[in-house]
Structure formats: structure tokens, C-alpha cells
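Which chain is which? The protein sequence lines are A and B, in order.
In terms of the numbering used here, the first sequence opens at residue 126 and continues consecutively.
In terms of the numbering used here, the second sequence opens at residue 1351 and continues consecutively.
Hints should not be assumed to be uniformly reliable.
Unchecked claim - According to the in silico footprint, chain B covers these stretches of chain A (three or more CB under 8 Å from chain B):
#	stretch
1	134 to 144
2	165 to 174
3	183 to 195
4	342 to 354
To be verified - Simulated restraints, written as ranges between beta carbons of each label pair:
#	chain 1	residue 1	chain 2	residue 2	range
5	A	A284	B	P1667	27 to 33 Å
6	B	A1743	A	D373	37 to 43 Å
7	B	P1667	A	E154	58 to 64 Å
8	B	A1710	A	R164	30 to 36 Å
9	B	A1710	A	Y398	43 to 49 Å
10	A	S414	B	S1778	40 to 46 Å
11	B	G1536	A	T406	30 to 36 Å
12	B	A1696	A	D373	45 to 51 Å
FYI, nobody ran anything at the bench for these hints, they're computed from the structure.
All values derive from a computational prediction rather than experimental measurement.
All residues carry an ideal CB built from backbone N, CA and C; glycine is no exception.
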Amino acid sequence: MVTVSTSAFYERANRQISSLRKESEKLQEQVGSRERLSRSSDDPLAAAKLRSLSRRERMTEIDQRNSDRAKTSLSLADSALSSVTSSIIRARDLALQAGSSTLTLENQKAIATELEVLRDNLLGLANTRDGEGESLFGGAIAGPAYVETAGVVSYVGNASAQVTGLGDGQSVERSVTGPDVFSFNGPSGATDIFAVLGAFSAALNVGGAGVAAAADAALASLDPALEKATTAQTVVGTRMAWVETMDDRRVASEEMIAQERETVGGADFAITYARLQEMMTVLEASQASFVKLSGLSLFDQLR
Amino acid sequence: MAADMLTVGLSGAKVARGALEITANNIANASTEGYVRRSAVASEVSASSIAMRPGDISLSGARISAIHRNADMFRQAEVRRTSSDSARAAAELNGLENIESAVEGARVYDLLVDFEASLSELAADPTDPSLRAAVMSAASNMAGSFRIANDSLDAAAKGLQFEADGEVEELNVMTGELARINLRIGRTAEGTSERATLLDQRDGLLEKLSNKVDLQTTFNAIGQVEVRAGGASGELIVQGGSTFALGTTTAADGTLTFDVGGTAVALNGGSLAGKALGLQAIADTRSSLDTLANDIMSTVNTAQGNGAALDGSGGQPLFAGTGAGDMRLAFTNGDGLATAPSGSAAGSTDASNLVALRSAFENNGHAQGVSNLVFSVSAQVAGKKVTSEALDAISSSARIALEQQSGVDLDQEAANLVRFQQAFQASSRVMQVASDIFDTLLGIR
């Protein structure tokens, strides 16, 4: 004979109702947090995926900050190079003026003074510091890129510019080196803008017949100098474009990461809420039927 | 002798009354744990007929010959076996969940990624003192998270060991009681209510014991039990009136082993077996965590050795320690980070050594290693959760099956109440008739 013992009835009802409660509390938690997982063991594989996504997200954030730094450096370099090219153009104008035979010695000296100022400006530009206070055109050195000893300016920086990682294995040089801007091949071999301007202003200060020849020589050197500086500016421009391309890629990949994270770990609100509602209905029904059944005792019928 | 109608009626009333009392007792114990429904076994009392006069009526009514205990040995054994399994799985799951929260709660993975991120950021400007300080604090946080994970594992292990010791003690107390019950069963008579009560107590104790260890039970004819811990090939812990204490030994790595009187016992069920499995998992996780911590320390320290600190001197090891438990920073000044390659001038902004460290970190897969550890722990938890739920369902259906068979059904008892009340009334009526007959006889004049 199968009897339904009273304690078995209560035990079964107890288990059913408490398991329904547990289930609906879990759903409630998902609705509240919008996350499907509250601990890794809820779905180990998805949790591992979420971990690697959050790592990528964190790394992308750092890449973005590094890229912003590189962009700052590059735009500093760009504006420094604009000043460099305009200084060289001014020097070229002065060289043309100096070449004219109508100038007095006073005029020549005035030009020489302006050339010296231009040379100092260029030296100052060459020693520009970047956003972090490091030398902009000196590569990886701590101090200035150019030093002047006994009227001779020489480059003391590294052979290559600093490199910043942009993520995805890509990187960018965040400036150019001094020689990339200021050194070039003149009519008489390798030289730099400081030497050219120094020699020209010295000739102007002396005056006389040498001036015209010196002006010609300076003009011949200033053209390649200008070309070199504008080339450097173009290089900086393309590097900035590269940084921006990488920025765009990063935004796209961030969007992808966020979307993937939502797919893997997010709780779909509509579905979760509908399931919660369903669970509540079942729970209410079993509670009501439990009350009805447990009130059904033969003792009540016996008088 | 002819039947004595009054005595027959009285015996019937007594039987009905006894049955009513048993019904009342059943109702009173409807929710008593381990109570098995009793029923009265009534049998007819008949005197043997007198020699040479076989036609005579010789009836003496009824009596309650025994109190039957409606226990089903098979279902009880099923409840014990399944609850052993379910207790083992639940205890093991509990241990694994502790491991999961130790490793996840310490946020080892997040802080490791933060450390990597701080290295990446420093590479953009290796001489910046605030970025260097950020790397130092990220390194310190990461070392701290390893220590926290290790300490939490220690605490979880201590908790499990403590609980296991307590349970072993409890088990030894229970086996002592069981032995006493065995002795008392021997002193009671078959079919008495005292025997039934003792058998209830015996079964209750066996069920509690089966929650702690897997049992092999052998019952003799009068219901005394012989118990082995660790299944059929296990060791005797109760035999008649004597007990053999279960002992535990904790190894250096925190794992537990059990013995009875020095003979090792392999437990396969019950919460003690589950706790031993949990402790084993903790020991395994701790050694993986140590390996990860040592690998990270060696990657970073090797890179430090290849580079030059901010002042141009050779890089010194950043981490000190021999495992997750004592991983800490060897120096605290960020200037000591060897970002530049060995031989660089002081204040060099060359970050190539740092970049090498970053790629060594990536190539050695430290973050992946930590993620894998969390994955393996959480996958075990998820797997054991399924097992535990299944075993729990099996065990509860075995229990419900037992209760259906041996538990009290109040409706049935209500019906019995009416039935035995009617029987009592009928027997009283018989006595009334006997009395009337007697009066009739007396009334003859």
C-alpha cells in the first residue's frame, strides 16, 4: 500500500517551494545587476572570456593614454618645425638682401645680428622639451639635444627618436631627431643649419667683398635646409595620421569588446524579467496549493 | 469451559484501547524525526479445547501480541547510502566554493592586469616619478593580492580541519551511544514498545553517522548492528557493545587522512570524505598559486637584472619571497625600476628594458596562468554543483520514499481513530450484552 505520510508531504512541499524561491532570487539578482554571472562558477567559460575581455579593455585604456601622449609630442614637434621652417625662410630672405651690393656695412651688421638671433631661436627650438619635460628632438636622453661649445653647436642626443607602443603590436616614433631636421648636405658636403648661419653672420660682420660670396653660399645651403625641415614636418604629419588611424581602430575594438562583454556576461533584461515573472507565478501557485492541501485534514471532517 | 462473554468483551475493549493509544502516539510523533509508524498486532486468544469434548466453545477474546514497527530495512539502507554521497558532495562543494572565493575575492587577476597596465604606461615616459610610483604601488597591490589569496586559502583549510576534527569527535560519541543501544536491545523483548524505541534510536544514529562517513551495516536477528566505516572493506567502528575510535592525521600540506586504531581507512562518502577532498583541492590550489607567484617574481626580477635603474646603476630584484604567502616588494623607491637597458646613463628615457619586461610578461602568459587557475577552480565548482544537486535530489527522494513507507499519515491515523473507537464501543456493547444476559438469568423466579 502506498501511503502518503504527512512528513513526506511537508518535506516535498518544502523542497519544491524553496527551490523555486532560490531560482527566482537568482533571477532577481540578475535583473538587479544586469550581469548574468555573480561568480565565476556560474559559467566558468564565460567568466574566463570576461576576464580576458576586461584585460584587453584595461590595456586598450593604457594604449589610448600612451597614444594621447604621443599625439601631444607630435603636435609639439609639428609646431616647433613650423617655427623652424619660417626661421629658415626668414634667413633665406636675409641672405637675398645681404647679396644686394647697395647695403652699407651698418645694414650688413644689422642683418648679421638678426641672423644670430634666428640661429639662437633655432637652437632653442632644437632643444624644445615635450609634454613630459624630455628633450623633443634628442631621442632618449635626459638633457638638451644640442649643446653649444665655443660657438660650435653639436648634437648630443640619440640616433633614433623615442618610440611609443600603440597596442596591437603597433608603435610610433613620437618625434624626429635633431639631425633629421637640422643636418643636411650642402654644396660642400654635410653640414647643419647652425654652422651655415654662424658662418654667414660672421662673414656679414666682417663685411667687404666676401659678403656677396658668403650670401651665395648661404642661399645654396638654405634651400636644402628648408627642404630637410619641411620633409621632417611631413614625416611628423604622417606619424600623427598613423596615431589617429590607431585611435580609430582602438575605438572600434573598444566597441567590439563592450558588445562582446554584453553578449557573454550581460543578462538580457526582457528575457530575464519574463522568466522571473514566470517563476513568480509558479511560486505563487505552489504556495497557494500548499496552503489548500495542508488544510485538507480528515480531522476537520470528523465531529 | 464455555466462553466467558464478559472477559471476551473486556479483551476486545483492551485491544481497541491499546490500538487507540498507539494511534494517539503515532499522531503525537507525526513530525518526530526518525519516528517509525507503529501498529498494534492483535491476535486471537484461544484455549485448547478440553479433551473428549471437541464440540465445546473455547474462546478467550483477543490481545495485543506485538507492537509492529513499520520499518523497511532496504529503504533505510538506501537513505544512508544516498545521504552519505550527498553529504560528501556538499562538503566538497563547500570547500571548493571557499577556494573560489579566496582566489576570486583576492582579485589576483585584476591586480595582475593593473600591474601590466602600469608597466605599459610607464613605457611611454620611463622617467616620470609619478608613473614609477604607480608601478610600485601596482606591484605592491599584486603581491598583496597573492598574499591575501594564500591567507584566505589557509583560513579555509583551517576551517575545514577544525570542522573535520569536530565531526570526528561527534562521530566517536555517536558510535559510543550506538554500542550502548546495542547492549540495551539485547535486554529487551521482541515486540515491546521499548525495543521499537531503541530501534528508532539506532536507525536515527546510523543515519547521522552515514552523513559523516560511508557505512557498511550488518544487523543480527534481534536488531543489534555492526558498523564499518569506509564501506564493505572498511574498518569496524561498532561491534556489539564495543567501539573503535576514528582518528585523523593532518599532513604538512593540510590534507587529512583517517584511521581506526592505527589502520588507515579510505572514506568514500559522508561529509568527512568531502572535507578531505576539499582540503586536497586547497593544497593543490595553493601549490599552483605558489608556482604562479614564483614565475611572476622570476620574470620581473630577471628583467630587473638586465637593466639599469634611474640612477644608471644595475637593476635589483623587485620582488622577494618564496611563494604566494610571502611575496612582497624588495624595495619601495620607484627609481629602482630598471626601465633602461643595462649600461644606460643616469636618467635615460630609453624604455627598451621595460618593453622587454612587458613582452616577457605577455609571452610567459602570467595573466593567462592566473585566469586558468580561476577557471579550473570555478569549473570544478560548477561541475561539483551539478553532482551535488543530483546527489541531493537522489538522497531526498530516497528519504521521501522511506517517509512514505514508515512515516505517519495523519489522515490514516484519523481513520484508525474512528475505527478503533468503534471497536471499543462494540466491545463495550458486548460487555453490556453479557451483563444483560446475566441479569436475565438472575431475574428468573
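Outcome of the hint check:
no. : hint                         : verdict
1   : 134 to 144                   : holds (count 4)
2   : 165 to 174                   : holds (count 8)
3   : 183 to 195                   : holds (count 9)
4   : 342 to 354                   : violated (count 0)
5   : A:A284 x B:P1667: 27 to 33 Å : 32 Å, holds
6   : B:A1743 x A:D373: 37 to 43 Å : 54 Å, violated
7   : B:P1667 x A:E154: 58 to 64 Å : 45 Å, violated
8   : B:A1710 x A:R164: 30 to 36 Å : 32 Å, holds
9   : B:A1710 x A:Y398: 43 to 49 Å : 48 Å, holds
10  : A:S414 x B:S1778: 40 to 46 Å : 43 Å, holds
11  : B:G1536 x A:T406: 30 to 36 Å : 57 Å, violated
12  : B:A1696 x A:D373: 45 to 51 Å : 39 Å, violated
Taken one by one, the earlier hints fail for this structure at numbers 4, 6, 7, 11, 12, listed in ascending order.
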